[in-house]
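Undergrad: Going down the list, the protein sequences come from chains A and B. Per this note's numbering: the first sequence = residues 1 to 272. Per this note's numbering: the second sequence = residues 1 to 231.
Don't read these hints as lab results, they were simulated from the structure. Remember, predicted model here, so these are calculated numbers, not experimental data. Virtual Cβ for every residue (Gly too), placed ideally from N, Cα, C. Worth double-checking, as some hints may not be accurate.
Beta-carbon label-pair distances, calculated as ranges [claimed, not checked]:
#: 1; chain 1: B; residue 1: 209; chain 2: A; residue 2: 156; range: 40 to 46 angstroms
#: 2; chain 1: B; residue 1: 23; chain 2: A; residue 2: 260; range: 28 to 34 angstroms
#: 3; chain 1: B; residue 1: 200; chain 2: A; residue 2: 170; range: 27 to 33 angstroms
#: 4; chain 1: B; residue 1: 93; chain 2: A; residue 2: 138; range: 52 to 58 angstroms
#: 5; chain 1: A; residue 1: 205; chain 2: B; residue 2: 93; range: 42 to 48 angstroms
#: 6; chain 1: B; residue 1: 30; chain 2: A; residue 2: 130; range: 51 to 57 angstroms
#: 7; chain 1: A; residue 1: 234; chain 2: B; residue 2: 133; range: 54 to 60 angstroms
#: 8; chain 1: A; residue 1: 188; chain 2: B; residue 2: 224; range: 47 to 53 angstroms
#: 9; chain 1: A; residue 1: 95; chain 2: B; residue 2: 23; range: 38 to 44 angstroms
Computed far set for chain A versus chain B, every beta-carbon distance over 10 angstroms [said to hold, decoys possible]:
#: 10; residue: 52
#: 11; residue: 126
#: 12; residue: 251
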Amino acid sequence: MNKYIKRIPIIIVLFLVGFIAFFLFLMPKNRIRLATTTSLDNSGLLNELLPQFEQKTGIKVDVIAVGTGKALKLAEGGDVDIIFVHAPFAEEEFMRKGFGVDRYEIMHNFFLIAGPPDDPAGIQHKDAVSAFKAIAEKKYNFISRADESGTHKKEMQLWKAANITPEGSWYLESGQGMGQTLMIADEKRAYCLTDQATFSAYKKKIALSILVRKDEDLLNPYHLIAVNPKRHHNVNYQAAIKLITWFISGETQGLIKNFAPNNEIIFYAKDS
Amino acid sequence: MEYILNGINDAFRMIFSLNAEVLSAVSVSLMVSTVAIFLAILLGLPLGFIIGTNSFFGKKTIITIMNTLLAVPTVFIGLMVYSFICRRGLLGNFGLLYTPWAMIIGQTILAFPIVSALTLSAVSSIDRRIEKTALSLGANKRQVAVCILTEARFAIFSAIIVAFGRVFSEVGISMLLGGNIRYLTRNITTTIVLETGKGEFALGIALGIVLLTVALLINIVFSYLQSKKSS
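Based on the provided sequences and hints, a complete structural model is requested.
TA: Quick look at the structure:
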């Protein structure tokens with residue numbers, strides 16, 4: 001027994017050295033951290049596109065899927081190198097404060113208002129703002145992301161435009177990602193604001209219908225913003241620029257245009 | 001009901017076809033938790049041993065604190081470590097956030113009190129006469145320590161199993177500190193959270209099965225070792 005116990009420290013050290021070596025081997029040198037929205041990550045677009053970028057440039061992209069609000073915070077703190085977000089007003093403020101450089105529109109789609117197929121609040125064929133008014137007036141369940149994401153910011157803009165402060169037992173705050181929120185809305189037979197990409201990915205799993213779509217108020221542009229290297233010296237600015245250049249190239253824009261999971265176009269390239 | 005059955009069916013197909021997502025999640029989980037457990041043993045075992053075999057002023061307070069730390073929620077550990085290692089934090093310059101290292105730090109902090117508290121109770125519950133006998137037979141300090149550890153080995157082994165089970169199955173630390181990056185920090189539990197959120201049950205179930213299987217294997221190995229050594 002003594003013999004075993006004497007050997008234990010040696011075994012532990014050997015294990016540790018082995019594991020650490022393996023980790024170092026696992027982590028390629030040239031990496032870039034991209035914080036993005038859960039909606040974009042759930043759509044599968046990045047999983048489709050990024051391997052091609054990685055193959056071409058040898059730069060590995062680490063995708064961290066959080067809400068737009070959190071992505072902007074991560075970028076402000078220099079914890080990521082680049083962000084791919086959809087909240088124009090918050091982005092403009094971010095740029096004004098000098099946290100970001102090189103902001104480029106990559107693509108857009110539209111937010112949708114989804115709800116129970118029988119549409120008890122009768123919002124179909126209305127514009128977004130009057131649809132929100134109708135839901136609030138009749139106090140039908142509405143699920144809010146309530147997580148400072150791009151979708152949540154858009155929702156708050158719409159409530160403001162409708163001159164309504166949403167509160168009461170009909171207004172439920174999920175605090176979760178878009179997909180989870182859609183699932184909750186489905187379980188509760190509630191209305192919610194969603195982006196096109198996530199709705200399309202979840203369409204088969206939920207019994208919600210699209211009730212308001214393609215309203216001008218519901219435009220949803222996505223931008224790439226590189227974190228300002230003057231503020232955070234650690235950021236991989238070179239790689240960020242390469243990623244942006246690659247995303248705005250005609251070739252990649254073509255890939256976005258043709259990206260159609262479930263035979264449905266969910267993102268429109270910049271100039272289409 | 002049908003979607004659950006379909007999920008289980010797909011799950012087994014994924015496991016046996018060595019699906020890349022499954023493999024990567026399992027290896028990240030295993031590597032991170034194993035390193036964390038070894039670090040926790042290196043730190044926690046000596047500490048538990050020293051406190052357990054010595055008597056000094058304030059010992060009871062320290063034991064109470066250690067037992068309290070057993071109940072720390074994983075998300076709280078995640079939060080504390082996060083605030084230290086994000087770029088604005090004290091250790092920000094190392095760029096540890098959203099790497100496997102960050103997960104290892106968090107899980108080590110989670111496992112450390114478990115290992116030390118249970119080692120402490122293991123060494124303090126063995127018969128004091130062993131120490132005296134060893135001393136009277138002329139053993140030096142190191143030999144006495146070896147004697148006590150040998151005597152307490154089963155309890156210490158189970159402490160390690162408990163700690164491993166805790167770090168292997170936790171999700172709060174991995175999510176907050178690892179960031180759930182595909183093929184880098186996405187482990188078994190964060191994948192399950194992600195997939196359930198997506199409404200995809202197959203991958204989640206597959207990983208749940210793997211998680212339980214690994215736990216089962218570890219317990220089989222340990223109980224084999226124990227029965228072999230005690231005979």
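Undergrad: Run every hint past the structure and note whether it holds.
TA: Results for each hint:
1. At roughly 42 angstroms, the beta carbons of residue 209(B) and residue 156(A) sit within the given window of 40 to 46 angstroms.
2. At about 29 angstroms, the beta-carbon gap between residue 23(B) and residue 260(A) stays in the expected band of 28 to 34 angstroms.
3. Taken as a hint, the range 27 to 33 angstroms holds for the pair residue 200(B) and residue 170(A), whose Cβ atoms sit roughly 30 angstroms apart.
4. In this structure the hint that residue 93(B) and residue 138(A) lie 52 to 58 angstroms apart at CB holds, the actual value being about 55 angstroms.
5. A beta carbon spacing of about 44 angstroms between residue 205(A) and residue 93(B) agrees with the range 42 to 48 angstroms that was offered as a hint.
6. Remark: the range hint 51 to 57 angstroms for residue 30(B) to residue 130(A) is upheld by a beta-carbon distance near 55 angstroms.
7. A hinted range of 54 to 60 angstroms holds for the C-beta pair residue 234(A) and residue 133(B), which are about 59 angstroms apart.
8. Between residue 188(A) and residue 224(B) the beta carbon distance is about 50 angstroms. The supplied range of 47 to 53 angstroms therefore holds.
9. Residue 95(A) and residue 23(B) have their C-beta atoms about 41 angstroms apart, which keeps the hinted 38 to 44 angstroms range intact.
10. At roughly 15 angstroms from the closest C-beta of chain B, the C-beta of residue 52(A) stays outside 10 angstroms, upholding its exclusion from the interface.
11. Once the 10 angstroms rule is applied to beta carbons, residue 126(A) is consistent with being away from chain B; the minimum gap is 29 angstroms.
12. For residue 251(A), the shortest C-beta to C-beta distance to chain B comes to about 23 angstroms, beyond the 10 angstroms cut-off, and the non-interface label holds.
The earlier numbered hints are all upheld by this structure, with none contradicted.
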